[in-house]
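Visitor: Listed below are the residues making up each chain.
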Amino acid sequence: MIEHAITPNLVFDVAHLFAGALVLISFLMLYQDRLYALLNVFALQAVALALAVAWQAYAQDAPHLYLTAFIALVFKALVIPVALHRMVARLGIHREVETVVATGPTMLAGIALVALSMVVMLKATPAADALAREDLAFALSVVLLGLLMMVTRRNAVSQVVGFMSLENGLILAATGARGMPLVVEISVAFSVLIAFIVIGIFLFRIRERFDTVDVDALDRFRGGRA
Amino acid sequence: MMTALAALPFDPAPVILAIPAAAAVLLALVPSYRVSAALNVGACALTFLTALALLMAPRIAGPFLIVDDLNIVFVVLNTFVAFTTSVFSASYIGHELETGRLTPLHLRFYHAMYQALLAAMNLALLSNNLGVMWVAIEVATLTTVLMVGLYRTEAAIEAAWKYFMLGSVGIALALFGTILVYMVAQPVVGEGPDGMIWSVLMKRARDFDPALLNVAFVFLLLGYGTKVGLAPLHAWLPDAHSEGPTPISAVLSGLLLNVALYAVLRFKLLMAAHPGTLAPGPLMMAMGLASLLLAGFMLYRRRDIKRLFAYSSIEHMGLIAFAFGLGGPVANFAGLLHMTMHSLTKSAIFFAVGHVCQVKGTQKLADIRGLTTSHPALGWGLVVAVAAIAGLPPAGVFMSEFLLVTSAFAHRPWLALPLVAGLLLAFGALMAKLSGIAFGAPSPGSDKVKASYLPMAVHLTLVLVAGLYLPPPLVAWFRHVAGLLG
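So the sequences go chain by chain: Z and F. All the letters of the first sequence, read from the start, carry residue numbers 1 to 226 under my numbering. All the letters of the second sequence, read from the start, carry residue numbers 1 to 486 under my numbering.
These aren't lab readings, by the way, just hints derived from the structure by calculation. Remember, it's a predicted structure, so these values are computed and weren't measured experimentally. Glycine included, every Cβ here is placed at the ideal spot set by N, Cα and C. Heads up, some of the hints might be wrong.
[As the list claims (entries may be wrong)] Here are some, though not all, of the chain F residues that point toward chain Z, as calculated from beta-carbon distances under 10 Å: (1) 58; (2) 131; (3) 135; (4) 142; (5) 157; (6) 165; (7) 171; (8) 172; (9) 176; (10) 190; (11) 216.
[To be verified] In silico lysine to any residue, SDA-like type, Cα no more than 20 Å apart, as pairs: (12) 162/F <-> 155/Z; (13) 162/F <-> 195/Z; (14) 123/Z <-> 277/F; (15) 123/Z <-> 209/F; (16) 162/F <-> 154/Z; (17) 364/F <-> 156/Z; (18) 123/Z <-> 276/F; (19) 364/F <-> 277/F; (20) 123/Z <-> 211/F; (21) 123/Z <-> 302/F; (22) 162/F <-> 199/Z; (23) 162/F <-> 147/Z; (24) 203/F <-> 190/F; (25) 123/Z <-> 210/F; (26) 123/Z <-> 218/F; (27) 123/Z <-> 162/F; (28) 162/F <-> 156/Z; (29) 162/F <-> 200/Z.
Using the sequences provided together with the hints, build the complete structure.
Guide: Right, dumping it as structure tokens:
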């Protein structure tokens with residue numbers, strides 16, 4: 001199946017390592033109660049995703065996947081966290097911890113979701129090859145943990161981080177499926193979506209802070225402070 | 001069924017995509033709103049005519065586009081309602097501009113987005129590639145989010161945000177389902193683009209692994225079901241309908257929900273092509289009934305006229321999902337007919353409601369009274385439209401609901417009871433609200449509005465005629481498609 005110098009076993013183990021790292025980082029995100037810390041952990045997950053995708057590109061001999069890995073690294077590990085960081089700083093909401101459910105029950109629910117996705121995926125995919133099916137189980141775990149984060153947070157920024165982590169799971173699943181077409185296009189489409197969301201939050205938070213979305217108000221505010 | 005009657009000088013399918021896409025670019029550049037409104041109508045008319053040409057075009061299933069008997073129904077309906085809505089929109093936005101709710105710059109943006117939305121919806125309907133279909137539905141969602149937030153009020157932005165987040169989650173789940181479908185197909189069809197081509201998948205579906213296909217369908221139903229507005233994933237729908245410009249409410253209800261439903265149907269067909277899979281029907285019936293009953297109760301407590309009809313859309317999408325879930329020739333026929341009738345009637349209602357809100361300067365039901373006295377044409381138009389959507393004979397909605405109920409009694413009598421209960425609930429709620437809106441002493445606010453009643457009149461005439469007489473070719477066509485749907 002693979003014509004590289006490394007043994008198939010190693011290919012398998014490294015792919016597992018990265019996919020498992022994504023799930024672990026999803027758990028880390030679940031109990032962050034500061035927005036800055038949350039953004040840092042998210043950036044870490046994006047790096048893990050980039051590594052996982054790059055490994056898949058290598059293992060499957062699919063050079064176009066390097067592009068997806070590159071997008072994950074630059075856009076999701078760098079541009080978006082930095083932009084959100086600045087936004088949080090400017091709006092002064094970095095101490096906001098608005099969780100609907102306490103951390104303990106959330107973590108327990110998270111464990112249950114991971115167990116659920118293992119059971120569903122491993123039972124449903126006996127025919128698929130081992131790498132794909134276990135990658136898929138990890139990917140579904142990341143997706144479900146992202147959803148869990150979206151429903152247990154009230155704050156818009158952390159909801160978006162939840163959504164982006166959900167999307168990391170999707171990209172992991174898409175790159176794990178050998179020879180899946182349109183992966184690069186889909187990751188670009190998602191990046192556009194996320195860019196829109198981030199711009200949206202920016203407007204949204206301005207409304208909460210200044211009671212208007214009029215950009216002039218922001219300019220006035222800036223001018224007043226300078 | 002209908003083979004190429006005459007050789008067309010061109011292939012209509014790509015043209016249906018190209019016209020709105022080109023118009024979107026053009027409209028983004030035209031500063032005058034009168035010119036752009038006219039251009040918008042013109043582009044929609046042209047797209048509709050091209051869609052009609054599709055009826056005579058050969059059925060194709062290439063690597064990119066697919067034209068089959070199922071999606072032609074959707075494309076023709078879609079382009080027709082888009083055309084009439086653009087006519088309504090032209091008279092609606094003039095008033096919004098006068099009252100200063102929108103600026104010419106907003107309108108430029110609005111028109112470009114309107115065409116971009118149509119291009120995306122047509123692409124979703126005509127694409128043979130499941131990945132491209134997914135991207136097209138995502139783009140359609142994005143453009144409508146932007147239009148829902150057009151008024152920039154606090155409520156509008158909140159509605160757009162809610163729609164955005166829930167729509168994105170739905171879309172993400174749908175993508176996961178799509179990836180799973182590819183993984184199911186890959187061992188059978190082979191690696192590469194073929195694993196996402198719907199017509200290829202249909203041919204090979206018998207060899208797929210049923211367990212994983214089941215999981216995929218659950219994700220797809222939840223994901224695209226969010227966009228259809230099926231309970232319990234409907235929370236975005238009322239806000240998005242009530243806060244955006246009314247032409248967008250009409251397009252959302254009449255078209256975008258159908259496009260998402262079409263995606264569900266494509267995957268249902270894939271499931272049905274494999275004998276060993278879980279039957280998709282019961283899942284769809286459960287979600288459909290839940291939507292119907294929930295919306296039936298919610299209708300009673302609505303205070304906003306546009307939210308009222310948004311809940312009515314949830315009710316009807318529930319009915320349609322139930323019909324397709326029930327399956328069989330009669331129920332599928334009823335589902336197709338109901339979808340057509342609902343699109344026509346609901347957009348007619350929003351045409352009327354748009355002008356009503358402009359005349360009265362409010363969307364509050366309590367402040368809209370006695371319309372038939374103060375504005376006879378608008379008031380009676382609304383009465384006819386609401387009576388039609390509530391399912392009173394002789395409108396076409398009555399016929400499709402009647403077919404659905406008889407089919408349900410024949411095959412699943414126990415499910416027919418909640419179905420009838422839901423229908424009666426919704427009927428009672430709509431009639432109670434209608435009597436307040438239409439009759440009694442008129443409420444203040446009697447500006448004369450320069451309204452175009454033509455789109456509403458055309459839609460209502462079609463709905464009434466369809467209730468009395470369906471042309472035999474149309475019946476044959478729907479029957480054929482109903483047979484395809486299994």
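Visitor: Give a verdict on every hint.
Guide: Against the structure, the hints:
With its C-beta approaching chain Z no nearer than about 26 Å, residue 58/F sits outside the 10 Å limit, and its interface hint is violated. Checking residue 131/F against chain Z: minimum C-beta separation of about 4 Å stays under 10 Å; hint holds. Using the Cβ-Cβ criterion of 10 Å, the hint placing residue 135/F at the interface with chain Z is satisfied: the shortest such distance is roughly 5 Å. Because the closest C-beta pair between residue 142/F and chain Z is about 6 Å apart, less than 10 Å, the hint holds.
For residue 157/F, the interface hint holds, since its Cβ comes within 10 Å of a Cβ in chain Z; the closest pair sits about 6 Å apart. Because the beta carbon of residue 165/F sits about 7 Å from the nearest beta carbon in chain Z, less than 10 Å, this interface hint is met. Taking 10 Å as the C-beta contact cut-off toward chain Z, the hint placing residue 171/F at the interface holds, the least distance being around 8 Å. The interface hint given for residue 172/F is met, as the beta carbon of that residue sits about 6 Å from the closest beta carbon of chain Z, less than 10 Å.
About 6 Å separates the beta-carbon of residue 176/F from the nearest beta-carbon of chain Z, less than 10 Å, and the hint is met. Satisfaction of the interface hint for residue 190/F is found here, the shortest Cβ-Cβ separation to chain Z being roughly 8 Å, below the 10 Å cut-off. Hint status for residue 216/F relative to chain Z: holds, with the closest Cβ pair at about 9 Å, below 10 Å. Restraint check: the Cα-Cα separation between residue 162/F and residue 155/Z comes to about 13 Å, which is no more than 20 Å; the hinted pair holds.
The straight-line distance between the Cα atoms of residue 162/F and residue 195/Z is roughly 16 Å, inside the 20 Å bound, and the hint therefore holds. At most 20 Å may separate the alpha-carbon atoms for a hinted pair to count; residue 123/Z and residue 277/F meet this at roughly 15 Å. Pair hint residue 123/Z plus residue 209/F holds up; C-alpha atoms about 12 Å apart against a cutoff of 20 Å. Between the alpha carbons of residue 162/F and residue 154/Z the distance comes to roughly 12 Å, so the proposed pair stays at or under 20 Å and holds.
Taking the CA atoms of residue 364/F and residue 156/Z, the gap is about 29 Å. The hint is violated against a cut of 20 Å. Taking the CA atoms of residue 123/Z and residue 276/F, the gap is about 16 Å. The hint holds against a cut of 20 Å. Among the hinted pairs, residue 364/F with residue 277/F is inconsistent with the structure: their alpha-carbon atoms are about 48 Å apart, more than 20 Å. A threshold of 20 Å between alpha carbons decides the hint, and for residue 123/Z with residue 211/F the separation of about 8 Å falls inside it, so the pair holds.
For a cut-off of 20 Å, the pair hint linking residue 123/Z to residue 302/F is broken: about 45 Å separates their Cα positions. At roughly 15 Å between alpha-carbon atoms, residue 162/F and residue 199/Z fall within 20 Å of each other, so this suggested pair holds. Note on residue 162/F and residue 147/Z: the hinted pairing holds, with a Cα-Cα distance of about 15 Å set against a maximum of 20 Å. With a CA separation close to 14 Å, the supplied pair residue 203/F and residue 190/F stays within the 20 Å bound.
Annotation: proposed proximity of residue 123/Z to residue 210/F holds, straight-line Cα distance about 12 Å (limit 20 Å). As the CA atoms of residue 123/Z and residue 218/F are separated by approximately 15 Å, the hinted pair is consistent with the 20 Å bound. For the given pair, residue 123/Z sits about 35 Å from residue 162/F by alpha-carbon distance, which is inconsistent with the 20 Å threshold. Pair hint residue 162/F plus residue 156/Z holds up; C-alpha atoms about 11 Å apart against a cutoff of 20 Å.
About 11 Å separates the Cα atoms of residue 162/F and residue 200/Z, which keeps this hinted pair within 20 Å; it holds.
The structure fails hints 1, 17, 19, 21 and 27 (numbered hints given earlier, in ascending order).
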